[in-house]
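Student: Here the protein sequences line up with chains D and U, keeping their order. With the first letter of the first sequence counted as 1, position 59 gets the number 59 in the numbering used here; the numbers rise by one all the way through. To convert, count from 1 in the second sequence and add 1000; that's the numbering used here.
Please keep in mind that the hints were generated in silico from the structure rather than gathered at the bench. All figures in this text were calculated on a predicted structure; none of them were measured in a lab. Don't be surprised by glycine CBs; every beta carbon is placed ideally from N, CA and C. Fair warning: there could be bad hints in the mix.
For each label pair, taking beta carbons as the anchor points, the in silico distance ranges come out as [what the hints assert, rightly or not]:
hint : chain 1 : residue 1 : chain 2 : residue 2 : range
1    : D       : Ala-33    : U       : Gly-1069  : 30 to 36 Å
2    : U       : Glu-1243  : D       : Gly-58    : 46 to 52 Å
3    : D       : Pro-107   : U       : Asp-1297  : 34 to 40 Å
4    : D       : Pro-107   : U       : Glu-1274  : 52 to 58 Å
5    : U       : Gln-1015  : D       : Leu-9     : 48 to 54 Å
6    : U       : Trp-1112  : D       : Pro-107   : 46 to 52 Å
7    : U       : Glu-1064  : D       : Ala-60    : 36 to 42 Å
8    : D       : Thr-61    : U       : Glu-1274  : 41 to 47 Å
9    : U       : Gly-1069  : D       : Val-62    : 26 to 32 Å
Facing chain U, according to a computed beta carbon distance under 8 Å, are these residues of chain D, among others [to be verified]:
hint : residue
10   : Ile-14
11   : Trp-20
12   : Trp-22
13   : Thr-61
14   : Met-112
Think about it this way: if two alpha-carbon atoms lie no more than 27 Å apart in a straight line, the pair counts; the simulated DSS-like pairs of lysine-lysine are [said to hold, decoys possible]:
hint : chain 1 : residue 1 : chain 2 : residue 2
15   : U       : Lys-1420  : U       : Lys-1575
16   : D       : Lys-64    : U       : Lys-1024
17   : U       : Lys-1316  : U       : Lys-1265
18   : U       : Lys-1025  : D       : Lys-64
19   : U       : Lys-1265  : U       : Lys-1227
20   : U       : Lys-1574  : U       : Lys-1686
21   : U       : Lys-1374  : U       : Lys-1445
22   : U       : Lys-1046  : D       : Lys-44
23   : U       : Lys-1046  : D       : Lys-64
24   : U       : Lys-1574  : U       : Lys-1621
25   : U       : Lys-1509  : U       : Lys-1532
26   : U       : Lys-1316  : U       : Lys-1257
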Amino acid sequence: MESVVINVLGLAAIVLTVWWFWLAPKGSRQPAAGVAEALQILVKDGVYEPDRIRIAAGKATVLKFRREDASPCAEWVLFPDLEISAQLAVDQVTEVQLPAADAGEYPFHCQMQMYRGTLIVE
Amino acid sequence: MTETSSMSPQTFRLQGVSCAGCVKKIESALGRVSGVEDARVNLGDKTLVVQGSATAQACIAAVESAGYGAEAVQVNARVLRAQQREEEQAHYRQLLWRSGIALGLGVPLMIWGLVTGEMGVHNTAQQIAWGSVGLLTLAVLVFCGGHFFTGAWRAFRHHSATMDTLVALGTGTAWLFSMLVVLLPHVLPESARHVYFEASAMIIGLINLGQALEVRARGRTSAAVEKLLQLQDPNARVIRDGEEIDIPIDQVMVGDKLRVRPGEKIPVDGRVIEGESLVDEAMLTGEPLPVKKAGGDALTAGTLNKNGSLVFAAEKVGADTRLAQIIQMVKNAQSSRVPIARLADTISSIFVPSVMIIAVVAALVWYNWGPDPKIAHMLVVLTSVLIIACPCALGLATPMSVMVGVGKGAENGVLVRNGKALQQATDLDTLVVDKTGTLTEGAPKLTDIECDGDADALLQQLASLESRSEHPLAEAIVSAAREKQLSLSDVQGFEAITAHGVRAEVDGKTVLLGNRKLMQREGIDPGKWTEKAEALAEQGRTAMYAAVDGAMAGIIAVAGPIREDAQAAVARLKKLGLRIEMLTGDNRATAEAVARQLGIDHVHADLLPEDKEKIVADLQKNHAKVGMAGDGINDAPALARADVGFAIGAGTDVAIESADVTLMRSSLHGVADAVELSRATLRNIKQNLFGAFIYNTLGIPIAAGVLYPITGMLLSPVIAGAAMAFSSVTVVSNANRLRFFKPSQNGGTA
C-alpha cells in the first residue's frame, strides 16, 4: 500500500511539473498589461509582476522597474533582442528606455534567466 | 540644501505620502509657488520632481505647508551608485546574519549527529526533544530562509521555477519528512525514523553565506564603473553675474561659464574661453602626456587640469558629457551577452523543472530498487539532487566575465560596445588598417627642403604662395614657416593650376610650386633635382619642385610622419597572429614606402572610401575574420562591414555610438590590447562554463547516488547545499581574476 502511494505521488509530481511549467495553457497566465504612466514592473521574489507587458509597435517606450529584491539575481534586466539592459537600484524606480521596435514578442530577463518576462509589441 | 534658483529639474524625497490624495495636495501646493512650471509626484518611489526656477527652500516649504515632509536629493549617477553600494552592504550584512543564525543551529545539530549518531525517534522523550528542535528549525526556515519560500511560491504562481524553488523544495521536504518522523514515527519503518533538521538549517545557512560572498565578489566586478564615476566632480565653479559660485554639478547648464583651477577636475564638457593649461587626459584616453589647452580647445569632463587656470563655456552637461556616455556604454556592454552564452541560456531556461523531474525519478528508483532504509535513501537523494542542481553558477558564468572584461577594457582605454564584439575580436585573423591618422599622423608635415641657396628664404616664399592655397599639403608648408617664425609676404596674381601646382608673384618674383609636369609645362629643366625628388618619393614623401623667376630653386617634401609607436604595434599584432593589410587613398609609391618601414606586406592604395568597404567584404568572402581599424568617421562603411570595427583615437560621440570597439588613445596598440583582452575574457568565460557544466553534470548523478555502489554512501544534502552555495562564488571569483589582466606591452610612451 505504502509503495503504491509513494509511486503514485511521485508520478503525479512528475506529471504536474511537466504540465504546470511547460504545458499549462497560456490563458491561465496573467493577461498582458498595457504600458501606462503609472505602470510599474515589480521585481520581487523571483518574478516580474506583471511579467507580460504590451507596448505599441514603432514607438519608443519607457518601462519603469521597481526592484524590491536585494538578491544579486535581480540586479540587471536585459532585453537581448533590443540590445538594451539596465541596472536596477534596490527600492527605487529605474526607467528603462526602449527603442521603437517591430511587432512581435521580445523576452526580457535577469542575467541568470530566473526572472523572466515578455514584451509584446503590437 | 541649495538656495540657488535653477531651470534644471530638482528632485525631492517625500515623507508621509501614501495615496493619490496626498499627490494632489502636494502638486496643488507647489502650483502656488512662484517659479514652479511643473511639479510631479511619483507615488511609487515617493519623489517629487519640480521644473522651473523656484528655489529648493520654497518647494520644501510648500510641501510642508501641505502637511508632508520633503528633502532635496541629488540624483546623479555617483549618488545613485553610493546608495546602491549602501544597499549592497546592508544586504550583505543581512545575509551574513541569516547565515549565522541558521548555521548556529545547524552546526551543533550536525556535530551531535556525528558524535552520538542519535538522530532517530524511537520514544516519547525523543519525540519531545526532536519536536522542539523541529520548531526551532521552522523558525530558521521562516526568518532566515523565508524569502526562498515566498519567491518559490510567487514563481510557481507564474508557472515559473527558480533557484528559490529548488531551495524551498529541498529544505521543505527535509523538514516535513523530519516532522513526520517526530509526530508519527510508527507509520514509518524503524530504519527510516531519522530526522534531517540539521540538513534544512545547514542548507539555508550555507546558501545565505554563499549569496553573501557572491554579493561581495560581485561588488568588485563593477569596480571599473566606480572608477569612472569617481572621475566626476560633484561640484562646479560657475561664473554668474561676475561672481564665482560653487554649485552641484547637476545644476550646471549649457552656456554657463566655469572656472577650473590647477589641480581640479574638469566638471563638464566645454570649450576654453580664457587661459592656458596642461590637461591630463590619461584617465579617459590613456594618452600618457598632458595636452596643452588654450582658447577654443575642447575640454572633457573627468580630465585633470594640471597647471593653469581655465575659464570655459559648458557645451555638454549631465548625461550628454563624453564621460557620462562612456559610463553608460560600459554599463550597457557589461550587461550584454556573448554568443557563447546561448547554450547556457537554453539550458537555464528549462533547467529547474527538469531537475525537479530528475529528483523525483531518482527518488522513486531508490525507493523501489534501492537498499534499506529505502525511505531515508529516497529522501536524501531527493533533497540532494534538488539542492545541488541549482544552475546559478551556469547563469553567472558569462555575465560575470563580460562585466569584468569590459570594465578592464575601459580602464585601458578600450571601450567595447557589447559582448558580441568582445567574442568576435578573439577570432580575428586579418586586420585592415587605414593609413592616415592610424599608422601615420593625421596632419602632413614638412619633412625636407633642399635648395642651393638659403632654405629659409625659399620656405618663406613658398609658404607665402601656399597661404593662398586650400590644398591639404599647403597647410604643412605654411605651418613649417610659422614654426620658424618667418613672416609671410603679400601675394599677387595667385593661380592654382589643376593637377600641376600653384603660381603667384611673391615680393615681385614669380614663384612656382608643383610637380614635374608643372616644370615641363613652364619649360623649366628640373636637372639634378629629379633624382632627389624620386629618392624622397621612395621614402614615402610627396616631393614638389620649386622655381623662382623661371629657374629651378629646389625641392620641398611633405609627408604624414609615421606614428611613433606604429612599428612596435604592428609587430605586436603580427605576434598575435594577425595578418595586417594597409588601406589608403594615397598613391602606391607613398603607401608602399610606409608599409615597408612598418613591415606590412599587403597594401591597397589609391582607394576611395567605398573601396575600403569592398576590400573588407572581399576578404570576408575568402573566409577571413576581418578587423578594421580607422578613425571612425570617413572609414565608417568599412568599420561597419568588418567583423569588428576599431574606431581609433577620435573618441568622438559618433565613434562611441557606432564602432564595435572605440579606442580612446590614438595608437594601434589599442587594437592589440583589445584583442588580448578579448582572448583573456573568452578564456575566462570558457573556464567558468566548464566549471559550471561539470558541476551540474557531475553534481546531479553524484547526488542521485551513482557512486553508492563504490562508496556505499549517499551525498549528504548538507554537502550538496555547500557545493551549490560555493559554485557561484567560485565562478564570480574566477571572473574577478580578470581584474589582474595587463596588456602584454604598454603601448604608451611613458
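Student: Evaluate each hint against the coordinates.
Tutor: Going down the list of hints, with the structure as the test:
1. Ala-33/D x Gly-1069/U: 30 to 36 Å: Between Ala-33/D and Gly-1069/U, where Cβ atoms are some 32 Å apart, the hint holds.
2. Glu-1243/U x Gly-58/D: 46 to 52 Å: 50 Å, holds
3. Pro-107/D x Asp-1297/U: 34 to 40 Å: 47 Å, violated
4. Pro-107/D x Glu-1274/U: 52 to 58 Å: The hint (52 to 58 Å, Cβ to Cβ) holds, given that Pro-107/D and Glu-1274/U are roughly 54 Å apart.
5. Gln-1015/U x Leu-9/D: 48 to 54 Å: 52 Å, holds
6. Trp-1112/U x Pro-107/D: 46 to 52 Å: Between Trp-1112/U and Pro-107/D, where Cβ atoms are some 48 Å apart, the hint holds.
7. Glu-1064/U x Ala-60/D: 36 to 42 Å: 37 Å, holds
8. Thr-61/D x Glu-1274/U: 41 to 47 Å: 45 Å, holds
9. Gly-1069/U x Val-62/D: 26 to 32 Å: This hint holds: roughly 28 Å between Cβ atoms.
10. Ile-14: 5 Å, holds
11. Trp-20: Since chain U brings a Cβ to about 6 Å from Trp-20/D, closer than 8 Å, the hint holds.
12. Trp-22: At 7 Å from the nearest chain U Cβ, Trp-22/D passes the 8 Å test, so the hint holds.
13. Thr-61: Cβ of Thr-61/D sits 17 Å from chain U, so the hint is violated.
14. Met-112: For Met-112/D, the interface hint holds, since the closest Cβ of chain U sits about 3 Å away, which is under 8 Å.
15. Lys-1420/U x Lys-1575/U: 24 Å, holds
16. Lys-64/D x Lys-1024/U: Holds, at roughly 21 Å.
17. Lys-1316/U x Lys-1265/U: Judged against 27 Å, a Cα distance of about 15 Å means the pair holds.
18. Lys-1025/U x Lys-64/D: Between Lys-1025/U and Lys-64/D the Cα gap is close to 24 Å, so the pair holds against 27 Å.
19. Lys-1265/U x Lys-1227/U: 14 Å, holds
20. Lys-1574/U x Lys-1686/U: The given pair, whose Cα atoms are some 25 Å apart, holds under the 27 Å limit.
21. Lys-1374/U x Lys-1445/U: 88 Å, violated
22. Lys-1046/U x Lys-44/D: 19 Å, holds
23. Lys-1046/U x Lys-64/D: 14 Å, holds
24. Lys-1574/U x Lys-1621/U: Holds, because 22 Å separates the two Cα atoms, which is no more than 27 Å.
25. Lys-1509/U x Lys-1532/U: Within the cut-off at roughly 25 Å; holds.
26. Lys-1316/U x Lys-1257/U: 12 Å, holds
Checked against the numbered hints given earlier, the structure breaks hints 3, 13 and 21 and satisfies all the rest.
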